[in-house]
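Once you've looked at the hints, dock chains U, H, S, R and A against the given chain W.
6 protein chains.
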Amino acid sequence: MAVVVQNIARADQAVIEGLGKCGVATVHEAQGRKGLLASYMRPIYSGMRVGASAVTISAAPCDNWMLHVAIEQVRRGDILVLAPTSPSDAGYFGDLLATSMQARGGVGLIIEAGVRDVRDLAEMNFPVWSRAVCAEGTVKETLGSVNVPIVCAGALINPGDVIVADDDGVCVVRRAEAEDVLVKALAREALEEEKRKRLASGELGLDMYNMRERLAEKGLKYV
Amino acid sequence: MAVVVQNIARADQAVIEGLGKCGVATVHEAQGRKGLLASYMRPIYSGMRVGASAVTISAAPCDNWMLHVAIEQVRRGDILVLAPTSPSDAGYFGDLLATSMQARGGVGLIIEAGVRDVRDLAEMNFPVWSRAVCAEGTVKETLGSVNVPIVCAGALINPGDVIVADDDGVCVVRRAEAEDVLVKALAREALEEEKRKRLASGELGLDMYNMRERLAEKGLKYV
Amino acid sequence: MAVVVQNIARADQAVIEGLGKCGVATVHEAQGRKGLLASYMRPIYSGMRVGASAVTISAAPCDNWMLHVAIEQVRRGDILVLAPTSPSDAGYFGDLLATSMQARGGVGLIIEAGVRDVRDLAEMNFPVWSRAVCAEGTVKETLGSVNVPIVCAGALINPGDVIVADDDGVCVVRRAEAEDVLVKALAREALEEEKRKRLASGELGLDMYNMRERLAEKGLKYV
Amino acid sequence: MAVVVQNIARADQAVIEGLGKCGVATVHEAQGRKGLLASYMRPIYSGMRVGASAVTISAAPCDNWMLHVAIEQVRRGDILVLAPTSPSDAGYFGDLLATSMQARGGVGLIIEAGVRDVRDLAEMNFPVWSRAVCAEGTVKETLGSVNVPIVCAGALINPGDVIVADDDGVCVVRRAEAEDVLVKALAREALEEEKRKRLASGELGLDMYNMRERLAEKGLKYV
Amino acid sequence: MAVVVQNIARADQAVIEGLGKCGVATVHEAQGRKGLLASYMRPIYSGMRVGASAVTISAAPCDNWMLHVAIEQVRRGDILVLAPTSPSDAGYFGDLLATSMQARGGVGLIIEAGVRDVRDLAEMNFPVWSRAVCAEGTVKETLGSVNVPIVCAGALINPGDVIVADDDGVCVVRRAEAEDVLVKALAREALEEEKRKRLASGELGLDMYNMRERLAEKGLKYV
Amino acid sequence: MAVVVQNIARADQAVIEGLGKCGVATVHEAQGRKGLLASYMRPIYSGMRVGASAVTISAAPCDNWMLHVAIEQVRRGDILVLAPTSPSDAGYFGDLLATSMQARGGVGLIIEAGVRDVRDLAEMNFPVWSRAVCAEGTVKETLGSVNVPIVCAGALINPGDVIVADDDGVCVVRRAEAEDVLVKALAREALEEEKRKRLASGELGLDMYNMRERLAEKGLKYV
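Protein chains in written order, with the numbering used here: chain W, 1 to 223; chain U, 1001 to 1223; chain H, 2001 to 2223; chain S, 3001 to 3223; chain R, 4001 to 4223; chain A, 5001 to 5223.
Just to be clear, a hint being listed does not mean it is correct.
Taking lysine-lysine and the PhoX-like style, the derived pairs with C-alpha atoms no more than 25 Å apart in a straight line are [what the hints assert, rightly or not]:
(1) S:Lys3195 / R:Lys4140
(2) R:Lys4021 / R:Lys4197
(3) H:Lys2221 / R:Lys4034
To be clear, the hints were calculated from the coordinates, so they are not data collected in a lab.
Isolated chain W, as found in the complex (with noise of 0.2 Å):
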C-alpha cells in the first residue's frame, strides 16, 4: 500500500541544528552508539555538515517518482531519506531536484541508492550522502510510500526523526530522545576539550585514563 503522510511531528528545530553541529561522531557517541547508517553511505563532496528533520521515501528500485511527491511535503530544516525496497545504484537525484528542494527549504539528502550532477550540487551546496554516484537515470512507474518508518542502510528511520551527517558519516536520532542526545553530546564535547588540551600538553591516554593498571590485570607484558 503506497501512502503519503502528510503531518509528521518533528523535534525542535534549535535541537536538531545544536546536534548537528556536534557531529557524527559525537552523536553517535553520546546515544550509546547507535543510529548509524552503514559506513558505505558516502558524502558526494567533503566538508559538509547537517542536522535536519528526516522526510523519509520508501521507493521502488530505479524508480524516483516518490522524490516529486516527497518534496512537497518538505519544510524548511527537512532532509530526505530515501531507501529502495530493492539494491539499486541508479542516479535518482540531480541538479533539478536539488533546485526544487533548496526552493523549499529543504537542506539536504541521504539516499541508499545513486545521485548524479554530483558537480552541479557541489557547485550549490546541496549536501548528499548515497551509497553511488551514477549518471544511470530512474523511472516513474511504481508508486512508494512517504513519511513511512524505512530501513535506510541498515539502520531504522522514522519520519521526524533527526539525522546528523558529515564526513564521517549518517547518524540518526530518535525524535523522542534528540533534546536528551543533544545535552549528552554537549556534555561530552565539553569533557573532549578538556582531554584534548591534556593529551596536546603530552599526557598520555595511558594515564589520562588510568588504563595501566586494568591493562597489567589482563596480563600485558612489556618486554
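Relative to the frame of chain W, chains U, H, S, R and A by itself:
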C-alpha cells in the same frame, strides 16, 4: 590475434566537444539511457570534464605494453580506453605515459584497471577515470590489440566512438549517432534550463510534470 | 600472548625521509615491486605524503585499547600501523588520538580498519590511510600487542620497517633494506626525469624503449 | 541499555509452519513484496526450509555472549536472529550452541555475521542462514540485548515475528499479519499450480497473462 | 527503441552440443582465451553442463517482462541470456518461467541478475548461471529488447552465439567461429588426455613442457 | 629475485595429520585464535578436510609458471599454497596439475586466486580452497619463488608450516608450534565432547559456564 588498427574514423571534433560540454547525465538521457560504463569507474580527482574520441586498447592483465603501442595512434583530441582481458587493478598508467599523451595531444584515459602517480596526474590536469588507484607495477610481456571493439566496464566501445566523462562517470556515444545525440542533448539542456527556473521559483515537480492524476490512478493515498 | 616490545631498531631518519619524498610508486619499483599494501587502503584526504618508521599494533576487532598503549612507544617520526585480528571497519581513531600522536612527534596512521573525525584530522594535517571511514565507536576490553610483526592489508610489516605512503597507497620497506632501496629509488627518479623530457618533446615510448622489434617478433600486426 | 525481554508474543504455530511450507518467494509476494533480508544472507548448505518464530539478538561485534543468554529464551519452534551492532564476519555460532538449541527445541539461526563448524551443523541438520562462514572465534565481553527490535540484513525484525527461510533466502512476516499472509500465500500457491500446468502444456505467458496488447501499446516492435 | 528480432541464425546443433561437452575451460582456451563472462556468474547448483544457442534479452532493472516475450522466440536447444540495463540482483526468473522454457525446448538461463525458486529449479534439472539468488520480485512495466547484441557480465553476446557453461562459469563462442572452435577444442582435449597420462605416471610438467632451460635463462635460482 | 628453496623442514607427519583431524575451528582456538586465512578462501566443494605441510609459491598475477616448478618440490603429504603478487582471480590450476600433484603424493591446494576444472577436481577428490572459480587461463612469462615466506589471504605462511583446512576455511600453524598446538587441540576436543553432552541434556550455557553473575555485574536487565 594481436592487431593495431591504424586508420579509424572519428566523429566531427565540434560534435565531440559539444557532447563533452553537455556532460554524462544529459548525454546518457539524450541517447535513450544507454552507453553508461559501470559506476565503479571513478574520476581520480574532482572537476574533470571531457569529450573525446576513443582509441581502444585490449590488454593482458597487469601488462601495459599496449599503452605504448596505442599512444602512437593517438591524434589531437583522442582519449585512451583500456580494458584488461582478465580483471586487474594494477597501475598500468602514470605520469610518464601522461606526459607522452599530452605531447601527442591526447586528452585523457578511461581504464578498467588501476593507475598510479595520481598526485602528478592531478598537477598535470590529466583526466583519468579508473576502477582503482594502485602503485603496483605492470610488465611488458603479452601482446594485446589497439583500436578493436572492446567491452570496458560493461559497455561495448568501438574505436572512434565518442567518450563523455565527468564527475558522474563515463558514457559512450556511437560515432554514427554522435551528431544526432548532440542535437538531442542540446535540446534537453534548453528544456532543463526552463524547468530549473520554474522549480527555483517554488513550483512543484508534481505540478510541472502533471503527475497528480496518474499518481491517484495508481492508488497513492494521502493520510 | 599480549606484549609490548619497547625497544625497536629504526632506520636512519634521513633515509626514511628520503624514501618518503620518492613516493610509493617509485619506492615500490625500486625494491623490485614488493611491499605494497592492498589498494583498498586509501588516504582520507588528498595530497598527503609521508616516510616514517612503523610502530605496529595487533588489535582485537572493534577495540582500540592498544592504540593508547602504542602511542607511548612512539618517537618523533614514527607512524602507527594497525591490523585488527578479525576484519573490522569500526572507527578506532579520531582527533583526540591524533592530538596525542602529534604531541609525541608521531606523523601518521596506517589502519586496516576505520577512522572518524576525518574533517578534524584534515584540519590538523594528520595523515591517515585506512580501509574505511566510520563513526562507529570501539571498546577497550581485549589486549593486543605492540611492535610485533603484523600482516596489514596483505603485507607483512615489522616494527621499525619504513612506511612510505601517498595518494597512490602505502608501501613497506624492510628496515635493513631501506638505505639500499633509497639509492635505487633516487637513481630511478633521475632516470625518469630524463625520460619525461624526451616524452614531453614528442618522442614515443615505442622508440625510447626500443620496443618495435620485440613487438614484431611476438607477432603484432599493423592493419 | 542491555535488556532481555522474557515474555514475547508468538504467532500461531500452525500459521508459522504453514508459512514455512509456502517458502520465501511465495510469502514475500503474498505480503506485497516486503520483508526480504539482503541476498547476501545465504544458507550454509542446500535444501533447508524453515518457518519459525524469531528470538532476536542485538550483539556486539565479534562477541557471542548474548547467544548464550538468548537460548534460555528459546521455546520449541523458535529461531534465533542475530544482528551485530557493527559489521562482523566472525564465527559466533558452532556445533555446541546448535546442540544446545536443539535440546531446547530451537529450529535454526539467522545471523548477519559468521558461523563455524558448518560440517557438523550440516550433519545435525541444523539450519543456518548467514553472511559468512568463518572459523574466527568471538569473545564474551560486551552486553547486548535479547528480544528487542533489530535491523538484520536490511530488514526490521521484532521478537515474535515469523521467519521464513529456504534456498532463496530469508523473509520476515510481522506477527500480526502472519495469518493474513498465510491465507494469501496459499491462494497464490493454488494459482501458481494452475499456471504451471498451462505453461507446461506449452501455452505462452504472453497469452496466459494477456500481455500482447499492452506490449504493443508501449511500442514493442517485432522485426 | 524496444525490438524483438524474430529470425536469427543459429550454429549447427551438433557443433553446439559438441562445444557443450568440451566444457568452458577447454573452449575458452581453444578460441584464444576470449569470451569468458565475469567469474561472479555462478551455477545455482553443481554439476550442470550445457552448450546452447543464445536468445538474448536486454531488460530494465527489476523488470522481467521481456522474459515472457523472449520465451516465444525460443527454439529447442536455446538458452536465454539476460543483461539488465542497470545493475539488479532481483529475482527475474523462477519455476514457472522454467516450466515454460522446458515446454518450449529451452535448455537454460544465463542472467546477470538474480533468480528464485532455486530448489525447484534444481529438482527440475533446469540449468541457471546467475549473479545472485534473490526472492525479490520484479515488475512488468518497461520494455526491453530480445535478440539484440548485449553485454552480459563483461562479454558481448549476439543472438545465435553459442553459450558453453559448466561449474567453471560461462563462455560465449561467436556463431561464425563455432565450428572452427570445436575442431580446436577437440584437438586440445586429445592432447590433454595424452598429457594427463604422462603426468599421472609421475612425469613432471617441467620436463614434459621443456621448461627448465627457459626458467634458467630468466634467472630462476635453486638454493 | 626468484628462488626455489629445495630443502625445507617439515613437521612430524603424525602431528600434521592429527591437526587435520581436529579441524580448523578447533586448531584456530587451540593456538590462541591466530593463523586464520581470510574467510573469502572457500572450498570448491563441501566435505573436504586436510592437514598438510605447506610448499609455498609467490607467483605473478595471471601466471602459473611457478606451479610447475613447485610440484617438483612436493613430497607425500604436502599442500601447495599460492599467493599472487598482485590480486588475480584467473584460473591458475586445473585437472592436469591436480593429476601431477596426486602422482607426487601432494594432497591439495590453497590459492588466493582462481582455479578451473572444478568438476574434474571434485571427481578426483582433490581438495582446493580458493578465492574464485574462473576458467580464465594464465601465462608462463614471469618468474616467482617457491618455498619462501608468503602472505596468503592475510596470513603469513612459511614453507613447512602446517595447513589445516575444512568447510570452515583455512588455518596455518607454525611448524615449530605444531606439536604443542596438537596437544592443546586434542585437549580442547575432549573438553568439547563433555560440554556437548551436557548441552544436549538441556543444561544451559549460562549455567555450564557460570555466566549469570558476570552478566548481572555488567548490568544486564531481564524485563
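A quick look at each hint next to the structure:
no., hint, result
1, S:Lys3195 / R:Lys4140, "17 Å, holds"
2, R:Lys4021 / R:Lys4197, "21 Å, holds"
3, H:Lys2221 / R:Lys4034, "18 Å, holds"
Going down the numbered hints, you'll see the structure goes against none, and every one checks out.
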